[in-house]
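Colleague: Listed here are the chains, written in short residue letters.
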Amino acid sequence: MANNVHAQATSTAALDVAPVIAPGHDFETVTEAVAQIPLSKRTPLGWVFGFLAAFALLMGLQMALGKLLLTGIGIWGNNIPVAWAFDIINFVWWIGIGHAGTLISAILLLFKQQWRMSISRFAEAMTIFAVACAAIFPLFHTGRPWLAAYWLLPYPNTMGLWPQFRSPLIWDVFAVTTYATVSIVFWYVGMVPDMATMRDRAVSGFKRGIFGILSLGWRGSARHWHRYEVASLILAGLSTPLVLSVHTVVSFDFAVSVLPGWHATIFPPHFVAGAIYAGFAMVLTLAIPLRVAYKSRTSSPCATSTTWPRSCWRRG
Amino acid sequence: MLGLFIDETAVLCHWHVPAAHYLEAWSDARTVDGTAAIVQPLIQPMYGGKSAHEIIATLTDQPERNGYDVVREFWMSQPQGGADPVAFEKAWRRWLHDGVIAGTAYEPRPVTLVADMVGQLGAASAVSGVEVNFRRDATVYDGRYTNNGWLQETPKPMSKLTWDNAAQVGPSTAEQLGVENGDILEVQVDGRVLRVPAWISPGHAADTITITVGYGRTRAGRVGNGTGFNAYVLRGTGSLWYAGAQVAATGDDYQLVSTQDHWAIEGRNVVRSAHLEEFQENPAFAAEMEHAKLDQGITLMPHHEYAGYKWGMAIDLNACTGCGSCLVACVAENNVPVVGKEQVSRNREMHWLRVDRYYAGDLDNPDTYFQPLPCQQCENAPCEVVCPVAATVHSDEGLNDMVYNRCVGTRYCSNNCPYKVRRFNFLLYQDWDTPQFKLQRNPDVTVRSRGVMEKCTYCVQRINAARILAKREEREVRDGEVVTACQAVCPTEAIAFGNINDPNSRVARLKASPLNYSMLAELNVRPRTTYLAAVLNPNAALPSNPGVGGHHATTDAHDTASEH
Chain Y
15 MANNVHAQAT STAALDVAPV IAPGHDFETV TEAVAQIPLS KRTPLGWVFG
65 FLAAFALLMG LQMALGKLLL TGIGIWGNNI PVAWAFDIIN FVWWIGIGHA
115 GTLISAILLL FKQQWRMSIS RFAEAMTIFA VACAAIFPLF HTGRPWLAAY
165 WLLPYPNTMG LWPQFRSPLI WDVFAVTTYA TVSIVFWYVG MVPDMATMRD
215 RAVSGFKRGI FGILSLGWRG SARHWHRYEV ASLILAGLST PLVLSVHTVV
265 SFDFAVSVLP GWHATIFPPH FVAGAIYAGF AMVLTLAIPL RVAYKSRTSS
315 PCATSTTWPR SCWRRG
Chain F
615 MLGLFIDETA VLCHWHVPAA HYLEAWSDAR TVDGTAAIVQ PLIQPMYGGK
665 SAHEIIATLT DQPERNGYDV VREFWMSQPQ GGADPVAFEK AWRRWLHDGV
715 IAGTAYEPRP VTLVADMVGQ LGAASAVSGV EVNFRRDATV YDGRYTNNGW
765 LQETPKPMSK LTWDNAAQVG PSTAEQLGVE NGDILEVQVD GRVLRVPAWI
815 SPGHAADTIT ITVGYGRTRA GRVGNGTGFN AYVLRGTGSL WYAGAQVAAT
865 GDDYQLVSTQ DHWAIEGRNV VRSAHLEEFQ ENPAFAAEME HAKLDQGITL
915 MPHHEYAGYK WGMAIDLNAC TGCGSCLVAC VAENNVPVVG KEQVSRNREM
965 HWLRVDRYYA GDLDNPDTYF QPLPCQQCEN APCEVVCPVA ATVHSDEGLN
1015 DMVYNRCVGT RYCSNNCPYK VRRFNFLLYQ DWDTPQFKLQ RNPDVTVRSR
1065 GVMEKCTYCV QRINAARILA KREEREVRDG EVVTACQAVC PTEAIAFGNI
1115 NDPNSRVARL KASPLNYSML AELNVRPRTT YLAAVLNPNA ALPSNPGVGG
1165 HHATTDAHDT ASEH
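Heads up: the sequence lines are chains Y and F, in that order.
Sequential numbering of the first sequence, starting at 15, is according to the working numbering.
Sequential numbering of the second sequence, starting at 615, is according to the working numbering.
I should point out that these hints are in silico values taken from the structure, not numbers from a laboratory.
On a predicted model such as this, the values are computed, not experimentally measured, just so you know.
Where hints are given, some of them may not hold.
Claimed, not checked - If you want the footprint, here are the derived chain F segments under chain Y, 3+ residues with CB under 8 angstroms:
1. 914-924
2. 951-962
3. 1013-1026
4. 1037-1044
5. 1063-1071
A virtual CB, placed ideally from N, CA and C, is assigned to each residue, including glycine.
Modelling step: build the complete structure from the supplied sequences, incorporating the hints.
Modeller: Following this line, the structure appears as C-alpha cells:
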C-alpha cells in the first residue's frame, strides 16, 4: 500500500490537491505504520478473541449446513409457492453487499480519486468475502447440493448433457463467477506492490518466502509500475460494467418469470440501485469501527478524522 | 376378539387374535344376486393373522385345519360339486377359475312399491337450541379409515380440511356465535360435552352445526391417533342423527389445516360458467372470458408441430362433483407420499392433482364449483426454460417430462409455474424402511426421494404400457386405451384423456366443444389440459347466483371465494 500511496501522491502534488495523509507523516512513516501490523511478532489479544468469535460463528455455520444436508431444505421453512425465501434473499443480499467494494475501488480509480487508497483494499476484500457468502446460498438452497455443485457448470460429460442455457440460474452462475473472478484479480493485482513491500521488510525467512511468492517478483521498476497502472485501469474498466451486470442478471431470476409479481421490468435497475446503497452502507459499517480501532493503536497516518467520508468529500 | 388392529375395542378385550385380512384368507361369500363365490387370498398373511374360519376350526375336533381346508371341506359337503372326489376336484378348480359357483343365485322375489312412503315417515321432531347433525365423514367414513394416511390427507370436498374434522357452521351462525375458523366451540347435548373447532361453511343452514364422526380416535394407529374430535360422545341412542345442543364459543382456538388457499389462483377467470339461456345465446361464452386477450403473433417462432401422438386432457366442470377420488387414485398410482398435518400446514402436501373449490354468489346460498387441477402439460412450458440443469423437458408427444435423476432441486420450475402444480420433496417424505410399503408401491413409477421436484406425468407409465402393447401388435394406440388413474376412478367421467391428433378421440371431441377453454391462456403457455365451462340450469322459482368467470361476475365470485 505504501508504495502505491507514494506513486499516487506524486501525481497528487502535481495536481495541487489537498494531501490525503495526516500532518506529520510522510510516505516512510505511513509505510512503517501499516507494515508493522502484519510483521510485528506479537499478535494482540483482542485479535485472538476476535478470531475465536469468528471461528465459533464459522462452526455454527458448519453445524447449520450439516443439519441442512442431513435433513433437507424443509428446515428453512420455505414452501410452495414460496419455494425460495431465506436462501435466495440471502443470496441477493450478499451479492448486493458485494457490489460496493469493487465499485468504489474501480470507479474511484477511473476518476483518479486519491483518497480511495484508504478504503479500497478492505472494500475489495469485503466484496470477495461477500461474494463467497453469497455463493453458499444458491448452492445450499438446492435440494441436492452435492449434485448442484457441478451439474450447473458447462463441462463435457458422459451424460452428453449441457445445462439449460435459457435458464436465468445458469446466467447467474456465469455472472457471479465472472464477477468473483474479476474482483479477486483486481484485489490481488492491487496488492502486489504491497506484498513486495512486506517481503522487503520481513525479518523471518518464512514470512519473506510467503510474501515473496505473493509479490510475483515485483521489483518496483518503472516498467513494473507502468504495467501495474495499465492492468489496474483495465480491470477497473472491466469491473465497473460487471457491477451493473451481475445484479441485473440476479434480478433476471425473478424478472424473466411469467408470474405476476415476478415478471417486472423494474427489477434490474431496482436491484442494482439497492445493491449499491447496501454495499456502501456495508463499507461504512466496516470502515468506521476499523478507523476507531486503529486510531487507538497507531497515530492514524491516513486521515485525521474517524468520520473519514465527510472530511474526504469536503477536501475532494 | 379377532381383529385386524389393536383398536379401542381390542384393548377392552382379554384376548386379541390378529386377524388375517380378507385378501390374506380363504373364505366364501355371496354376490348381490346370491351367487356363491370362493374368496381366494392374494398373499400369505403378512403378520401371521388367522381368519375367522381358522379360529372356529380350532374349537372343533380338527383344530389344525387351515382356511383352505375349511372352505374346501364345506363345499365338498354341498351338492354343487358332486359326491365323487374326482368330479368335485374338477368343479372346485372350475369355481376357483371362474370366481363364482354357477347356478347358486337366489330365486327372485316379487316386491311391490310402498305407496306414500314419504307421508308415512312423519315429520322429524323439532329440537331445542342449536341442531347438531352427525354425518359420516367424507374421507374417514365412520372411523374405519381413520388410520389411512391417504384418506387423512385427502382434503374434504367442501372445507378442504385435512387430518381433522370440525363443527361446520354457516356464516350467519358463526357471526352469532362470534367465532372464526378454528375457534373452539363447546357443544353440549344432554350433559355430554365436546369441544370442537368451528369451520365456517358457506351455504350451511343457519342455527345448525354439522360434525362428522370417525375422528378423535385414541387407538386408531400411528396415523390416525389424535386426529380430530370424537363426535360419537355427543351421540346417544335417542339422538342418532341429530340432536338439540347448547353451543358456546370458548375463546380457545385450534389449528385446522385447509388446503383451499394453498395455491389459489382465483381472480383470473379460472372457473367459468353461465346459465343455460346465456349459453344458448352465446355458446362461445367461455372462450370470451379470457382475463386478457392473447396476441397470437406474440412470438416470431412457429409453434412446434406434433406429428404422431399428442396427448391431452379435458375436464368437464359440469360433471365434476368434487369428490376427490381422482386425487386418491393419483396418490395410489404414482407413489405420492403422505406428509402429515404439520407439513400440510406449511403448504407442502404432495398431491399431484388438487381439486380447487370455489364458492360464488350469496354466502348463505352459494354456488359451488370444483376444479380438478393436474399439471396442465403446457406446450410452452414455463417450467422447462428456467430449470438450470434441464431436469424438466418436453417429449415429442407434448408431455412435460420430469427427470428425477437429473433434478438438483432449485425449485425454479415451481416458482415459474402459473398453476402451482409442482410438488417438492422438502424433506424425506417417502418411508424407505417400512417393508410393507415396498409391496404397496407401484413398481412402474419412480419413488422420489428428498430434494427433487415431482408433478403429474399424465400417468406416463400407462401411456408407455399402451404404446408397447400397440407396437407389439403393430398398430396405433387406440382411443380409450390409455386411461389415467384420475380418469379411471372418476364416477362422473368428468376427465377425458387421449390423443388430440385423432379427431375422433373422446378428448378431441370434447376439446372441440364451444365450452372448452384454457386456464390462463393469456400467458401463451398453451396448456394441454383444458376445461369445459359449467352450464347451470337453476330452478327459476328459487334464488340463484349468476355464472362466474365473466367480467360481470368476477368480483362477486372471487370476493366470496376468498372468504376461505
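Colleague: Hints broken by the structure, by number, lowest first?
Modeller: Going through the list in order, the structure violates hint 1 alone and respects the others.
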